[in-house]
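Trainee: Here's the letter readout for the chains.
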Amino acid sequence: MSNWVKVLLLEDIPKLGARVVRAKDQEIGVFRLENDSVYAINNKCPHKGGPLSQGIVYGDKVACPLHSWKISLIDGKAEEPDVGETACFKTKVEDGFVFLELKE
Amino acid sequence: MKKMKLVVVGNGMAGMRTVEELLKIAPDIYDITVFGDEPYPNYNRIMLSPVLANEQTIDDIILNSREWYAENNIALYTNARINKIDRKNRVVYAADGTSAEYDRLLIATGSKPFILPVPGKELDGVLGYRDIKDTNDMIQAASKYKHAVVIGGGLLGLEAANGLKIQGMDVTVVHRNEWLLDRQLDKTAGLMLKNNLEAKGLKFLLETNTERLVGDADGRVKAVQFSDGTYVPADLVVMAVGIRPNFELAQSAGIHCDRGIVVNDTMQTFDPRIYAVGECVSHRGISYGLVAPLFEMAKVCATHLGNFGIGLYKGSVTSTKLKVTGIDLFSAGEFEGNEETEEIVLHDAVGGVYKKLVIKDDKIIGSVLYGDTTDGSWYFQMLRDSKPIHEIRDYLMFGQDSLGNTGHQGQDKAAAMTNEMEVCGCNGVCKGTIVKAIQDKGLFTIDDVKKQTKAGSSCGSCVGLVEQILASTLGGGYAPPSTSKAICGCTDKNHEEVRAEIRTHKYLNIPDAIKGMEWRTPNGCASCRPALNYYLISTWPHEAVDDPQSRFINERVHANIQKDGTYSVVPRMYGGVTTPDQLRKIADVADKYAVPMLKVTGGQRIDLLGVKKEDLVGMWKDLDMPSGYAYSKGIRTVKTCVGSEFCRFGTQDSTQMGIDIEKAFDHMWAPHKVKFAVSGCPRNCAESGIKDVGIIGVDSGWEIYVGGNGGIKTEVAQFLCKVKTHDEVLEYSGAFIQIYREEARYLDRTVHWLERVGMDYVKKRVVEDADGRKAAYERLLYALQGAVNPWAERVQKRDQFKEFETISV
Chain A
1009 MSNWVKVLLL EDIPKLGARV VRAKDQEIGV FRLENDSVYA INNKCPHKGG PLSQGIVYGD
1069 KVACPLHSWK ISLIDGKAEE PDVGETACFK TKVEDGFVFL ELKE
Chain B
72 MKKMKLVVVG NGMAGMRTVE ELLKIAPDIY DITVFGDEPY PNYNRIMLSP VLANEQTIDD
132 IILNSREWYA ENNIALYTNA RINKIDRKNR VVYAADGTSA EYDRLLIATG SKPFILPVPG
192 KELDGVLGYR DIKDTNDMIQ AASKYKHAVV IGGGLLGLEA ANGLKIQGMD VTVVHRNEWL
252 LDRQLDKTAG LMLKNNLEAK GLKFLLETNT ERLVGDADGR VKAVQFSDGT YVPADLVVMA
312 VGIRPNFELA QSAGIHCDRG IVVNDTMQTF DPRIYAVGEC VSHRGISYGL VAPLFEMAKV
372 CATHLGNFGI GLYKGSVTST KLKVTGIDLF SAGEFEGNEE TEEIVLHDAV GGVYKKLVIK
432 DDKIIGSVLY GDTTDGSWYF QMLRDSKPIH EIRDYLMFGQ DSLGNTGHQG QDKAAAMTNE
492 MEVCGCNGVC KGTIVKAIQD KGLFTIDDVK KQTKAGSSCG SCVGLVEQIL ASTLGGGYAP
552 PSTSKAICGC TDKNHEEVRA EIRTHKYLNI PDAIKGMEWR TPNGCASCRP ALNYYLISTW
612 PHEAVDDPQS RFINERVHAN IQKDGTYSVV PRMYGGVTTP DQLRKIADVA DKYAVPMLKV
672 TGGQRIDLLG VKKEDLVGMW KDLDMPSGYA YSKGIRTVKT CVGSEFCRFG TQDSTQMGID
732 IEKAFDHMWA PHKVKFAVSG CPRNCAESGI KDVGIIGVDS GWEIYVGGNG GIKTEVAQFL
792 CKVKTHDEVL EYSGAFIQIY REEARYLDRT VHWLERVGMD YVKKRVVEDA DGRKAAYERL
852 LYALQGAVNP WAERVQKRDQ FKEFETISV
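Top to bottom, those sequences are chains A and B.
Heads up: take any position in the first sequence, counting from 1, add 1008, and you land on our numbering.
Heads up: take any position in the second sequence, counting from 1, add 71, and you land on our numbering.
Rather than coming from a laboratory, the hints here were simulated on the basis of the structure.
Think of the CB as a built atom: it goes at the ideal place given N, C-alpha and C, for glycine as much as any other residue.
Among these hints, one or two may not hold up.
[Claimed, not checked] Derived pair list, reagent style DSBU-like, types lysine-lysine, alpha-carbon separation capped at 35 Å:
(1) B:K522 x A:K1098
(2) A:K1032 x A:K1100
(3) B:K683 x B:K521
(4) B:K183 x A:K1023
(5) B:K744 x A:K1078
(6) A:K1056 x B:K683
[What the hints assert, rightly or not] Restraint-style ranges between C-beta atoms, simulated for each label pair:
(7) A:K1098 x B:D652: 50 to 56 Å
(8) B:V648 x A:K1098: 51 to 57 Å
(9) A:E1109 x B:Y832: 57 to 63 Å
(10) A:F1105 x B:V787: 57 to 63 Å
(11) A:G1057 x B:E138: 31 to 37 Å
(12) A:A1031 x B:D99: 50 to 56 Å
(13) B:E142 x A:G1057: 28 to 34 Å
(14) B:E491 x A:F1105: 40 to 46 Å
(15) A:Q1034 x B:N490: 27 to 33 Å
(16) A:G1057 x B:G782: 22 to 28 Å
(17) A:K1056 x B:D511: 53 to 59 Å
(18) A:G1057 x B:V416: 53 to 59 Å
(19) A:K1098 x B:V787: 54 to 60 Å
(20) B:F717 x A:G1057: 22 to 28 Å
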């Protein structure tokens, strides 16, 4: 069962920035790109668990703040030659609010 | 939009490098078709010698597999030699009847070996040395025959001779000149090389001209006859007397050629639809036979094919190395010298070491190294950069003193290392791993090696060592990076160009700067955005927009991120002086937030470690102390000793001086971190000798030292000047820092900037030019005017800094 949860106002995420959302025992980074599209990924770098939400966002990627692995916000995959993947969450924006799809 | 058609004639290193560069920057604008007349996909031609020497296999040297072509939707025709270009209808035709239409054509037909026009040159067993087929023919011949003669004692000839010897043949090298490698070495080094190669079992006939090749009844070569009438037996003759650009195809199509396909600085031929790169071109009258220039051409050509219209190829200075295991030689530039040049020579005949530097007008213009080539790339870098050398002339010959680098056991010579030895102490990368990556993945640049292996990608102290490994693995294929390279992959502009444009066009925010300077990416990357942000705010203080999203996390949240995602908090304690009140407050805060560790830092401050991000603002409020900027590319700390107030040796009040400096320059951003120290006497207890600015009190005033560094590579600060008063200390050190802020590249420490501009320059600006100094100091004070404590700001305007809150659902 999918479960859409209203999380925050789009304007409360800076452009090319992110906010941290805690859902039960996991942390999710919710990112806003330059064109206002929103992506959400597990806030853990596949390398050493760095908090991806704290990295520099550019294009559709984020650079991990710990060791600069580049993670795609679209599919959660690390840029080559690094290998790794972090989980992605579906998002939608309605009436200025960001919604996250969380598993039941 | 319909894609344009790009046809590439020539499936070698230059052509495919261009295609790779093109795919990187413009993957979608062309349907690409490639024709190659060899049966293989693109391979690393410069590695044929190691194949002949049994050190590598053909599979090892393939650069782009057939799968690569398929993955990138490139139609590849092998065994297909193009023999006609119809420029009117824009079609190329291969010998086997295949044809292809083009909108853009790239010619990269390379070169061919020059075959001496002597009788018998068409006999069986006579070949050039150019491709895999030649290499296989040689290996086969070695299994059946005994005697090999290599004509030509240049790089290629010697590598062929060495390989044939290893394959078990009896090898004689015939050379026209007085010594070997006369295009690369002077006589002394040439003779040393001959001795070393003779010890490996090769035979040489110098100053010998080939008259004709003699065949047997079956039409196979059996001997070589010289102009003095003598003979040597030969079952295999390898001609390695030079290469000639392969431009017949272009010429037959009516494209202007002059000993090569003539191209302009954008690699365009006289037909605007047709480009050419590699050994087949003649650029400003020069054809290159080494791989490094080809790659520079490829990069430029790709930007034009990709419709970016930027980048000019302006020719290359080349250097060479010989790929014969156990022989180290390096040469670059004008190594012979003449009446107008000076020479510095070191020659240890018994030890087998010879080094010569040719100097003209205070610059290195050429170099020959034999036996110890460790410093080759360092000399070459100075040569390419035309760097004045008078400041380092005394120790130039003894090499780049990199001993003392930390993290790799003080090793500074790649050749002396075994494969198991650690090169990169940060990421735990051994020499063998690096060598394997270079060979298996076909790497050519330091950046590639950093990306693939991580070696040198953290603290950077081992980059010199990695560079040596790269150079010795690649031999002639290695191109040292120019120091004025592009900021990142988003642009071709270097740091200086970006700074200049920000000033002339008065860009005040990142989107305008990126747009105005035609970045390839919509909003830069994690490398260029922090640099741009710094350049904007340092060039236009109080006017440019400081973009938090372009700052690294530490500067964005004014705390230092730790490995587990927590932060560290270091309050300001001016000059390292604190009070019982402050200490009590820190103790209370540490208790309240259950801070896991309290630590005194190297800069004499107190660090509260392991703080959660959501606790930061509350902690700052309770502390009610200013930020210590321990996370910044900017002013960190002013370390002080006790000084004359208490110390029985102190000559000056160093503590107060330190407090005053730290207050005057508080909140200052810089290209990298900036550390000060003030000592009250020459005993120098505050370690002023290893700080960006180190001040030492003496009885008659203050000595100022600059460019010290206690980090990755310990650097002793250099004496700038001596001043009398407290105010002069502020003015001189402030002016120094301001000029560094305005002119250094982002992430340069003062020492790196000083290395590039030289101490003379800094003295001229700061010491000799009184007006300039005062103006620079004023500019610094202006930039710092009205700066606020960022912690207090976040406490007061909590609702404007939402990022410190975590949202729970």
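Trainee: Each hint: holds or not?
Mentor: Outcome of the hint check:
no., hint, result
1, B:K522 x A:K1098, "31 Å, holds"
2, A:K1032 x A:K1100, "20 Å, holds"
3, B:K683 x B:K521, "32 Å, holds"
4, B:K183 x A:K1023, "56 Å, violated"
5, B:K744 x A:K1078, "25 Å, holds"
6, A:K1056 x B:K683, "18 Å, holds"
7, A:K1098 x B:D652: 50 to 56 Å, "53 Å, holds"
8, B:V648 x A:K1098: 51 to 57 Å, "55 Å, holds"
9, A:E1109 x B:Y832: 57 to 63 Å, "59 Å, holds"
10, A:F1105 x B:V787: 57 to 63 Å, "59 Å, holds"
11, A:G1057 x B:E138: 31 to 37 Å, "34 Å, holds"
12, A:A1031 x B:D99: 50 to 56 Å, "38 Å, violated"
13, B:E142 x A:G1057: 28 to 34 Å, "32 Å, holds"
14, B:E491 x A:F1105: 40 to 46 Å, "57 Å, violated"
15, A:Q1034 x B:N490: 27 to 33 Å, "43 Å, violated"
16, A:G1057 x B:G782: 22 to 28 Å, "27 Å, holds"
17, A:K1056 x B:D511: 53 to 59 Å, "26 Å, violated"
18, A:G1057 x B:V416: 53 to 59 Å, "56 Å, holds"
19, A:K1098 x B:V787: 54 to 60 Å, "58 Å, holds"
20, B:F717 x A:G1057: 22 to 28 Å, "48 Å, violated"
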